[in-house]
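A.B. asks: Here are the chains, one letter per residue:
Number of protein chains: 4
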Amino acid sequence: MNKIQLQKNWKEKLHEIIYEADTFAGKLFDVALLILILISIVLVMLESVGTIDEKYHDQLYIAEWIVTILFSIEYVLRIISINKPTKYIFSFYGIIDFLSTIPMYLSTFFVGTHTLVAFRALRLLRVFRILKLARYIGESNQLLKALKASRAKVAVFLFFVLILCVILGTIMYLVEGADNGFTSIPRSVYWAIVTLTTVGYGDIAPHTPLGQFIASAIMILGYAIIAIPTGIVTSEITKTGEIHTNTQSCTNCGYEGHKDDAEFCFHCGNKLHT
Amino acid sequence: MNKIQLQKNWKEKLHEIIYEADTFAGKLFDVALLILILISIVLVMLESVGTIDEKYHDQLYIAEWIVTILFSIEYVLRIISINKPTKYIFSFYGIIDFLSTIPMYLSTFFVGTHTLVAFRALRLLRVFRILKLARYIGESNQLLKALKASRAKVAVFLFFVLILCVILGTIMYLVEGADNGFTSIPRSVYWAIVTLTTVGYGDIAPHTPLGQFIASAIMILGYAIIAIPTGIVTSEITKTGEIHTNTQSCTNCGYEGHKDDAEFCFHCGNKLHT
Amino acid sequence: MNKIQLQKNWKEKLHEIIYEADTFAGKLFDVALLILILISIVLVMLESVGTIDEKYHDQLYIAEWIVTILFSIEYVLRIISINKPTKYIFSFYGIIDFLSTIPMYLSTFFVGTHTLVAFRALRLLRVFRILKLARYIGESNQLLKALKASRAKVAVFLFFVLILCVILGTIMYLVEGADNGFTSIPRSVYWAIVTLTTVGYGDIAPHTPLGQFIASAIMILGYAIIAIPTGIVTSEITKTGEIHTNTQSCTNCGYEGHKDDAEFCFHCGNKLHT
Amino acid sequence: MNKIQLQKNWKEKLHEIIYEADTFAGKLFDVALLILILISIVLVMLESVGTIDEKYHDQLYIAEWIVTILFSIEYVLRIISINKPTKYIFSFYGIIDFLSTIPMYLSTFFVGTHTLVAFRALRLLRVFRILKLARYIGESNQLLKALKASRAKVAVFLFFVLILCVILGTIMYLVEGADNGFTSIPRSVYWAIVTLTTVGYGDIAPHTPLGQFIASAIMILGYAIIAIPTGIVTSEITKTGEIHTNTQSCTNCGYEGHKDDAEFCFHCGNKLHT
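Residue numbers (the UniProt record's numbering), protein chains in the order written: chain A, 1 to 274; chain B, 1 to 274; chain C, 1 to 274; chain D, 1 to 274.
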């Protein structure tokens with residue numbers, strides 16, 4: 001029983017280091033991981049640049065294997081140190097971690113799968129978890145709260161914008177026609193989105209006077225309706241106050257967002273290690 | 001008289017299914033209609049893509065006729081089930097429903113009218129009526145209220161922007177001239193709108209130093225005045241509270257926007273079927 | 001003395017019709033003038049379109065002369081009916097009215113001055129005076145008040161943006177150089193403005209990796225700082241309430257913006273004709 | 001000791017003229033400096049324009065030397081008149097002043113360093129110090145306060161946007177590939193930033209239907225998330241009140257931001273010369 005106790009302590013310690021950021025070791029681990037992720041992104045980027053890949057192909061290949069092995073070790077440690085491994089494996093970050101590690105192993109068996117290493121960019125999202133250790137935590141949470149509150153309204157708005165773009169794109173398809181670059185309705189809808197959002201690539205542009213008149217109307221419209229999501233989000237941010245949470249995650253169920261003075265997990269009632 | 005009573009009940013039942021969304025059958029009808037509209041839009045889009053139309057022309061043609069017939073049945077049922085059919089026929093949605101159904105029938109008589117099927121995209125607007133069954137209803141209404149309140153101010157603003165674009169376009173026509181792409185005043189006004197709204201296609205761009213200087217001033221101006229509609233809408237959204245309405249429409253006069261606990265139509269006093 | 005009295009009454013009546021919009025005749029005059037201005041703008045626009053001018057050159061020429069003569073009559077009446085003609089002649093609208101009328105007369109003596117007719121577009125600004133007769137008056141005034149209040153802050157902001165563009169443009173000139181389209185510092189500054197305001201024509205675009213990196217930073221920056229004027233204007237609009245003024249202008253000094261219940265001009269103390 | 005006293009007075013007088021703007025001489029110096037900086041910027045700009053430099057190369061060269069010598073004199077005076085010269089030399093403005101003066105001297109020894117004169121554009125930032133003499137001071141301070149308060153939140157937001165662009169750029173690199181202009185991941189990330197910030201040059205644009213679909217999603221997304229920084233800054237500006245400070249800087253420690261009625265430096269307790 002003493003051995004089990006010890007093992008449990010060892011597992012709990014590991015969990016604290018890997019999943020939390022309240023201890024010094026935990027912070028160190030997070031910062032090291034962050035640096036490793038950034039290095040791996042830079043590697044993937046450099047490899048994609050033709051001229052660099054030609055020169056330093058072998059060095060980049062070796063460096064990528066080193067990163068892959070380190071990621072693999074981290075992945076295994078994460079599975080070992082949590083009470084319910086499936087909780088982690090099928091979580092958002094768990095899937096991303098898996099997808100960032102597997103392509104290199106696959107590339108030894110199948111040609112072409114190597115490119116999937118690019119999915120590693122998604123690991124950057126982990127920065128937000130790690131960011132919690134910084135003073136920005138309060139800020140991010142407040143923002144997220146305001147965004148969550150305005151989610152439904154912004155969704156309704158974006159939905160309306162999309163329908164508008166379908167209708168306007170269809171009209172422009174009838175007005176301009178295939179000769180002026182509006183070769184199909186989906187392409188015209190793409191143009192309408194490019195115009196209404198004020199991106200304006202210019203790869204497709206109206207040529208007939210009527211088309212330019214309608215395009216002008218769409219732009220003026222886009223200029224006015226951009227005010228809507230801004231208004232929604234602003235009123236939400238003005239409303240929400242700040243909330244204080246810490247960086248702990250439950251060793252049992254993995255839930256986060258516990259209050260600063262929380263002693264038990266608000267989801268499963270497990271004791272938190274403060 | 002019993003027969004009339006029965007018929008009236010039958011009509012009322014149909015009205016409830018087609019026009020309202022409070023009962024299960026009503027919700028089912030709305031969702032089915034929504035899916036059918038989406039399918040019809042996808043059909044129209046696919047048909048407009050040259051390569052797809054060549055391959056699957058016959059299948060798309062048959063599918064479109066099926067959708068048209070289903071739309072026709074719905075249109076007839078809507079006329080039958082309402083007390084005052086003209087109310088529906090000449091309403092906004094009634095006209096759109098008619099325009100979405102007729103092109104296919106016309107195309108059997110006149111060549112070329114088939115393209116008008118594209119007007120079916122307007123039926124997507126019905127999504128907003130159907131959306132009422134979702135939890136977004138409160139959100140949309142609040143948004144609409146704020147937008148209605150800021151309508152006049154935004155209109156004044158857009159009017160000002162338009163006049164500004166006419167004046168700036170005219171100046172640029174005099175400065176740049178036909179050699180640099182500003183071939184006429186309407187085209188220059190089109191350019192001014194493209195620039196002021198920060199769309200910036202680049203199909204027309206100033207080439208003379210003076211033209212580029214004026215263009216820069218227009219952009220800086222556009223950057224500043226985009227703040228105006230945003231400010232207007234934001235202050236309105238902050239002001240308006242939430243209002244709760246249900247999805248009922250009066251069987252007698254067709255009015256909507258009844259309060260949750262309304263028992264009689266606020267417009268004609270007819271009993272509502274809650 | 002009776003004759004003078006009569007003449008004075010006649011002048012006052014004319015002043016009321018031309019300068020104010022409270023009587024029926026005054027409103028009629030304003031609406032007629034508005035339509036005439038719009039016609040004259042359309043004429044100038046049509047004339048600038050090569051294909052239309054070729055076909056209908058004579059008709060457009062005659063129509064323009066008719067408009068010019070009507071404008072001339074209006075200009076003379078405005079001078080006659082006001083107590084201090086110089087007040088009108090050297091006012092903002094007085095100068096515009098003069099500039100809109102003179103080019104046609106000049107074109108009979110000097111070749112080429114005809115193009116100056118395009119300045120007539122500035123007369124569109126008079127719409128804002130005439131608009132006062134509409135229900136939008138309260139709205140415009142409130143907007144103007146908020147804009148006036150935020151003027152200084154927005155000016156500081158735009159000034160900062162301009163300096164930023166000069167600095168960023170200079171850096172890009174050094175980084176990209178003449179070979180990549182950044183042929184001179186003024187042109188690079190123009191590019192920086194095009195980029196920072198998110199217009200993005202694409203006539204000049206960075207080609208070197210470092211240039212694209214700096215450009216990305218500028219865009220992200222532009223994305224963030226557009227929030228500043230919006231924030232300024234929004235907070236001002238939220239603050240300001242509505243003010244009610246009428247459409248009278250003083251027959252003596254020409255001042256406007258009198259309160260609804262004003263009996264004397266707040267500037268010169270002259271009795272107002274309510 | 002009398003001589004030392006006199007010298008001290010002389011130094012203090014000079015400090016007041018150069019570093020502050022409360023006396024007439026101080027204002028005059030600031031305005032003169034502002035004009036000189038503007039002239040030097042115009043000189044650098046003109047020189048960069050090929051056609052102008054060819055014609056007036058000698059005149060521009062002489063004018064630039066005159067400006068450089070005047071800047072040098074100012075730089076020396078600034079060092080002499082302050083109590084702790086290192087404070088100024090290693091301050092933000094001190095470094096810029098040095099960098100604006102040195103390139104001309106270097107260009108006599110090394111060929112090519114002349115271009116560095118362009119760094120002089122950074123001196124424009126001094127305008128903000130000089131602007132303090134204008135009535136805008138209150139406005140700028142309020143703005144800066146609101147921006148400082150929203151700094152952390154906007155940073156988190158921009159950080160999120162950057163990560164999003166890396167992920168979206170990587171996806172587009174996989175979807176579109178090198179044949180459609182997405183030659184490498186960094187370039188694709190550059191495209192994602194151009195698109196998300198609604199700049200939209202159009203130098204790189206998606207060609208495959210799937211790429212255009214993803215691009216549309218990015219644009220709609222960018223349209224929605226631009227609301228976030230606006231919301232943050234607006235709520236901060238609404239919160240902050242106005243603060244009144246004067247243009248004095250302490251002769252001893254160089255600190256600024258003293259209240260209007262301050263008699264002693266809030267940092268070192270030195271008597272302020274009001």
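These aren't lab readings, by the way, just hints derived from the structure by calculation. Worth double-checking, as some hints may not be accurate.
Note that identical chains are pooled: a pair holds if it fits in a single copy or bridges any two copies.
Said to hold, decoys possible - DSS-like mimics (lysine-lysine), calculated; alpha carbons at most 30 Å apart, straight line: (1) Lys11 x Lys84; (2) Lys84 x Lys13; (3) Lys239 x Lys145; (4) Lys87 x Lys13; (5) Lys11 x Lys148; (6) Lys55 x Lys148; (7) Lys87 x Lys145; (8) Lys239 x Lys55; (9) Lys84 x Lys55; (10) Lys27 x Lys239; (11) Lys27 x Lys87; (12) Lys27 x Lys55; (13) Lys11 x Lys87; (14) Lys148 x Lys27; (15) Lys13 x Lys148.
A.B. asks: Confirm or reject each hint.
C.D. replies: Structure-based check of each hint:
1. For a Cα distance limit of 30 Å, the shortest separation of Lys11 from Lys84 inside one copy, 12 Å, qualifies, whereas the shortest one across copies, 58 Å, does not.
2. In the homo-oligomer, the alpha carbons of Lys84 and Lys13 lie at most 30 Å apart inside one protomer (16 Å), although the nearest pairing across protomers, at 53 Å, exceeds that limit.
3. In this assembly of identical chains, Lys239 and Lys145 lie within 30 Å of each other by CA distance both inside one copy and across copies; the values are 10 Å within and 19 Å between.
4. In the homo-oligomer, the alpha carbons of Lys87 and Lys13 lie at most 30 Å apart inside one protomer (19 Å), although the nearest pairing across protomers, at 49 Å, exceeds that limit.
5. In the homo-oligomer, the alpha carbons of Lys11 and Lys148 never lie at most 30 Å apart, since the shortest distance is 35 Å inside one protomer and 43 Å across protomers.
6. Taking CA atoms no more than 30 Å apart as the test, Lys55 paired with Lys148 passes in neither setting, with 47 Å inside one copy and 45 Å between copies.
7. For the identical chains of this complex, Lys87 and Lys145 are intra-copy neighbours only, at 25 Å inside a copy versus 44 Å across copies, given an alpha-carbon limit of 30 Å.
8. With identical chains, the CA atoms of Lys239 and Lys55 are never at most 30 Å apart, being 55 Å at best within one copy and 55 Å at best between copies.
9. For the identical chains of this complex, Lys84 and Lys55 are neighbours neither inside a copy (45 Å) nor across copies (52 Å), given an alpha-carbon limit of 30 Å.
10. Within a single copy, Lys27 and Lys239 get their C-alpha atoms no closer than 33 Å, and across copies no closer than 34 Å, so neither meets the 30 Å cut-off.
11. Proximity of Lys27 to Lys87 under the C-alpha cut-off of 30 Å is restricted to the intra-copy arrangement: shortest distance 23 Å within a copy versus 36 Å between copies.
12. In the homo-oligomer, the alpha carbons of Lys27 and Lys55 never lie at most 30 Å apart, since the shortest distance is 37 Å inside one protomer and 59 Å across protomers.
13. In this assembly of identical chains, Lys11 and Lys87 lie within 30 Å of each other by CA distance solely inside one copy; the values are 16 Å within and 54 Å between copies.
14. Both within a single protomer and between protomers do Lys148 and Lys27 lie at most 30 Å apart by alpha-carbon distance, with minima of 28 Å and 27 Å respectively.
15. Proximity of Lys13 to Lys148 under the C-alpha cut-off of 30 Å is found in neither arrangement, the shortest distances being 34 Å within a copy and 39 Å between copies.
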